[in-house]
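**Q** The chain contents come next:
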Amino acid sequence: MNVETAMTGQDLLVKAAGRIDSETAPRFEEQLAPRLAEARSVVIDAAGVEYLSSAGVRAVLRAALKMTAQKGTLKLRGVRREVAKVLALAGLEELIEGGGTA
Amino acid sequence: MRLIEMVKASDRRLVAPLMGYPGSKLTDTTLKQNMFNWGIQFWSLSELAQNLKPDALFFMMDLSVEVGALGMPVHFGLDESPTVDQHLVRAPGDLDKFMAIDVLKDCRASVFLNTMRLMKENLDIPKGAYCIGPFTLAGLMMGAEEIALAAIDDPAFVHETLQYAAHVIGRYATALIESGADMVAILEPTGVMLSPRQFDEFVAPYVAQLVQTFPVSTILHICGNTTPLIRNMAATGVEGLSLDTAVDFPAAAKLLPDNVALIGNIDPISVLRAMTPAQVAAQTRAFLDATRDAPNLVLSSGCDLPQDTPIPNIKAMIEEGKKWRR
Chain A
1 MNVETAMTGQ DLLVKAAGRI DSETAPRFEE QLAPRLAEAR SVVIDAAGVE
51 YLSSAGVRAV LRAALKMTAQ KGTLKLRGVR REVAKVLALA GLEELIEGGG
101 TA
Chain B
1 MRLIEMVKAS DRRLVAPLMG YPGSKLTDTT LKQNMFNWGI QFWSLSELAQ
51 NLKPDALFFM MDLSVEVGAL GMPVHFGLDE SPTVDQHLVR APGDLDKFMA
101 IDVLKDCRAS VFLNTMRLMK ENLDIPKGAY CIGPFTLAGL MMGAEEIALA
151 AIDDPAFVHE TLQYAAHVIG RYATALIESG ADMVAILEPT GVMLSPRQFD
201 EFVAPYVAQL VQTFPVSTIL HICGNTTPLI RNMAATGVEG LSLDTAVDFP
251 AAAKLLPDNV ALIGNIDPIS VLRAMTPAQV AAQTRAFLDA TRDAPNLVLS
301 SGCDLPQDTP IPNIKAMIEE GKKWRR
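Read top to bottom, the protein sequences are chains A and B. In case it helps, my numbering puts the first sequence at residues 1 to 102. In case it helps, my numbering puts the second sequence at residues 1 to 326.
Hints are computed from structural coordinates only; laboratory data are not their basis. Everything numeric in this text was worked out from a predicted model, so none of it was measured. For each residue, glycine too, the CB sits at the ideal point set by N, CA and C. Heads up, a few of these hints could be off.
To be verified - Cut-off 25 Å, straight-line C-alpha distance, at most; resulting in silico cross-link-like pairs (DSS-like, lysine-lysine):
#1 A:LYS85 - B:LYS97
#2 A:LYS75 - B:LYS105
#3 B:LYS25 - B:LYS120
#4 B:LYS323 - B:LYS53
#5 B:LYS105 - B:LYS32
#6 B:LYS97 - A:LYS66
#7 A:LYS75 - A:LYS15
#8 B:LYS315 - B:LYS8
#9 B:LYS97 - A:LYS75
#10 A:LYS85 - A:LYS75
#11 B:LYS25 - B:LYS315
#12 A:LYS15 - A:LYS71
#13 A:LYS85 - B:LYS105
#14 B:LYS8 - B:LYS120
#15 B:LYS322 - B:LYS53
Claimed, not checked - Taking beta-carbon pairs under 8 Å as the criterion, some of the chain B residues facing chain A (in silico):
#16 ASP102
#17 VAL103
#18 LEU104
#19 GLN163
#20 TYR164
#21 HIS167
Model the full assembly from the supplied sequences, consistent with the hints where possible.
**A** Shown next, in the form of structure tokens:
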């Protein structure tokens with residue numbers, strides 16, 4: 001799994017790639033956490049995310065809840081079909097930008 | 001039309017008791033059948049609507065839907081309100097067990113979503129849905145005593161649970177609105193044990209978050225004597241406060257801004273269940289006389305009516321309420 005972040009003003013762009021699973025989700029959250037506090041809007045470019053396990057779902061939801069708590073937003077962009085299916089099973093399809101898949 | 005607009009536009013008091021359970025007597029069904037089968041629940045509600053002709057109708061009150069959908073053990077008696085048997089969240093890490101669950105894919109959430117769909121298709125009065133309040137859901141997840149202690153010892157844990165609870169409730173209630181609910185009553189009974197300062201920290205922001213999300217009228221219902229919390233409750237942005245019998249309504253009306261409806265508060269037990277229809281009518285008349293100056297009153301019961309509330313008593317309250325004039 002690879003994560004890159006770029007902050008423009010209060011807009012945080014997160015580029016994630018690879019597998020976000022029980023092994024990698026903690027690292028994903030660790031890299032995100034310090035940047036979320038400064039952000040008003042977060043976009044996760046998930047085009048490179050090949051697999052999202054339930055641990056990955058939890059990590060995404062925790063980040064989304066944190067953003068809601070600080071009256072910000074979090075969306076995922078470029079989500080692959082298989083990853084979108086997992087998010088929909090967890091009731092998180094509304095986090096996908098445009099509600100669709102890449 | 002929004003609730004407050006309906007209240008202001010009406011030339012009489014609107015009447016809407018919280019009365020789902022007694023509908024099961026009209027269909028000779030058990031509460032359990034109504035809680036698990038949307039055809040039966042709708043049938044019971046439809047009988048209530050046809051026989052009693054309220055100005056609005058809520059579906060059956062069940063505080064266990066959301067928490068049950070998260071997998072908490074819920075006890076269902078044949079003719080009792082469901083109750084939560086165990087509270088599974090003891091530490092922040094315990095929340096992880098629930099985060100990949102979609103409440104909308106739960107079978108009993110479907111019962112209430114489909115009940116509301118049938119209400120929308122078949123009833124031509126305003127239709128109300130219930131959802132639990134975030135603090136009460138968090139209390140069911142953690143335990144009421146535990147959340148009270150954690151509010152002092154570990155408020156960050158309580159807030160983390162509340163954020164997740166608000167997420168679950170928001171998803172469920174939005175689906176209820178999409179299914180046809182014209183208004184949503186947020187049930188936050190556990191909030192009564194909080195001081196106004198604690199209410200503002202642990203209840204108000206999360207209720208306000210839901211209110212801002214819902215595109216329909218919202219009502220906040222808290223059981224018990226909420227007199228010290230009335231201003232704080234109204235400040236959440238809800239359009240109506242549904243308050244219990246313990247609250248002095250003429251006094252409460254004076255505390256509310258002009259854009260908030262006051263809903264209540266005939267005693268469900270000592271009046272509606274225990275008295276005769278003539279006595280209920282007299283009590284209703286006396287209540288309406290006493291609240292004559294309240295600008296935005298909706299006549300209702302102080303809380304949900306027990307299943308064995310005599311139907312003639314509910315009818316007497318509704319008829320008396322409809323014919324009363326200032």
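**Q** All hints, please: hold or fail.
**A** Against the structure, the hints:
no.	hint	in the structure
1	A:LYS85 - B:LYS97	20 Å, holds
2	A:LYS75 - B:LYS105	22 Å, holds
3	B:LYS25 - B:LYS120	22 Å, holds
4	B:LYS323 - B:LYS53	13 Å, holds
5	B:LYS105 - B:LYS32	20 Å, holds
6	B:LYS97 - A:LYS66	18 Å, holds
7	A:LYS75 - A:LYS15	12 Å, holds
8	B:LYS315 - B:LYS8	24 Å, holds
9	B:LYS97 - A:LYS75	23 Å, holds
10	A:LYS85 - A:LYS75	16 Å, holds
11	B:LYS25 - B:LYS315	14 Å, holds
12	A:LYS15 - A:LYS71	22 Å, holds
13	A:LYS85 - B:LYS105	14 Å, holds
14	B:LYS8 - B:LYS120	24 Å, holds
15	B:LYS322 - B:LYS53	10 Å, holds
16	ASP102	3 Å, holds
17	VAL103	7 Å, holds
18	LEU104	6 Å, holds
19	GLN163	4 Å, holds
20	TYR164	6 Å, holds
21	HIS167	6 Å, holds
Comparing the model with each numbered hint stated earlier shows that all of them hold.
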